[in-house]
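Visitor: Can you make the complete structure from the sequences, with help from the hints?
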Amino acid sequence: DTAVSQTPKYLVTQMGNDKSIKCEQNLGHDTMYWYKQDSKKFLKIMFSYNNKELIINETVPNRFSPKSPDKAHLNLHINSLELGDSAVYFCASSQDSPSSYNSPLHFGNGTRLTVT
Amino acid sequence: AQSVAQPEDQVNVAEGNPLTVKCTYSVSGNPYLFWYVQYPNRGLQFLLKYITGDNLVKGSYGFEAEFNKSQTSFHLKKPSALVSDSALYFCAVRFNTNAGKSTFGDGTTLTVKP
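If you read the protein sequences in the order shown, they are chains P and W. For the first sequence, the working numbering gives the first residue as 6, with consecutive numbering after it. For the second sequence, the working numbering gives the first residue as 494, with consecutive numbering after it.
Honestly, the hints are just simulated from the structure, not real lab data. Note that beta-carbon positions come from the ideal geometry of N, C-alpha and C, so glycine has one too. Errors might be hidden in some of the hints.
[Said to hold, decoys possible] Within a straight-line C-alpha distance of at most 27 Å, the following computed DSS-like cross-link-like pairs (lysine-lysine) qualify:
1. P/Lys49 <-> W/Lys562
2. W/Lys594 <-> P/Lys45
3. P/Lys57 <-> W/Lys594
4. W/Lys562 <-> W/Lys551
[Claimed, not checked] Between beta-carbon pairs, the in silico distance windows are:
5. W/Ala498 <-> P/Gly89: 21 to 27 Å
6. P/Asn84 <-> W/Gly509: 49 to 55 Å
7. W/Ser573 <-> P/Leu32: 31 to 37 Å
Guide: Right under this line is the structure:
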């Protein structure tokens with residue numbers, strides 16, 4: 006009954022490959038996110054979707070493409086992987102009203118991506 | 494622009510002693526403030542939040558935090574630390590602008606020694 010689940014947990018691949026990470030939440034939340042945590046544990050938002058619509062798109066290389074087939078799923082596809090893409094990628098969700106963003110985020114357990 | 498600062502990379506305390514993990518934020522409207530904890534190889538877990546009202550908020554695992562508007566701070570506290578509290582702690586801020594983007598501090602590693 007995991008609330009926010011990501012697959013795979015570990016992903017090891019070579020430079021230049023294309024890979025995808027999947028995320029699903031069963032909390033009924035309207036908003037989902039992708040965060041990147043680097044080797045120093047700093048967290049940076051990448052994307053946010055609300056009801057399948059992209060609402061936050063930070064400065065991320067266009068090799069990264071999120072897709073939200075429905076509001077319970079947010080996948081991340083990465084083309085032409087580079088060494089610097091190695092990090093832990095977290096999916097998260099929250100339930101916000103249109104005028105108030107005071108809900109906490111619920112995080113998955115992360116996908117550790119290693120590019121060799 | 495919204496920003497969050499956690500001035501200490503590392504906090505060390507002895508078990509049974511009180512602990513404080515500091516957080517300050519930049520002023521830009523009325524913030525919603527959050528604390529999260531991250532254990533090794535896990536995602537962040539929500540501890541507590543401040544929205545409005547009483548400046549002292551209580552959360553999970555005996556943690557509490559005090560909102561201080563004049564000092565723009567939201568320090569995390571616990572009266573008596575446990576070894577199991579050792580983890581990475583993040584402060585975060587959200588506003589009713591910018592699509593409610595959460596901005597996280599750089600994190601503080603708390604180590605509680607027996």
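Visitor: If a hint holds in the structure, say so; if it does not, say that too.
Guide: Results of checking the hints against the structure:
As the CA atoms of lysine 49 of chain P and lysine 562 of chain W are separated by approximately 26 Å, the hinted pair is consistent with the 27 Å bound. Between lysine 594 of chain W and lysine 45 of chain P, the direct Cα distance comes to roughly 21 Å. Compliance with the 27 Å bound is thereby established for this hinted pair. Restraint check for lysine 57 of chain P and lysine 594 of chain W: the C-alpha separation of about 16 Å stays at or below 27 Å, so the hint holds. Pair hint lysine 562 of chain W plus lysine 551 of chain W holds up; C-alpha atoms about 17 Å apart against a cutoff of 27 Å.
Evaluation of the 21 to 27 Å hint for alanine 498 of chain W and glycine 89 of chain P yields a pass: the beta carbon distance comes to about 26 Å. At roughly 52 Å, the beta-carbon separation of asparagine 84 of chain P and glycine 509 of chain W lies within the given 49 to 55 Å, and the hint holds. For the hinted restraint 31 to 37 Å between serine 573 of chain W and leucine 32 of chain P, the CB-CB distance of approximately 32 Å keeps it satisfied.
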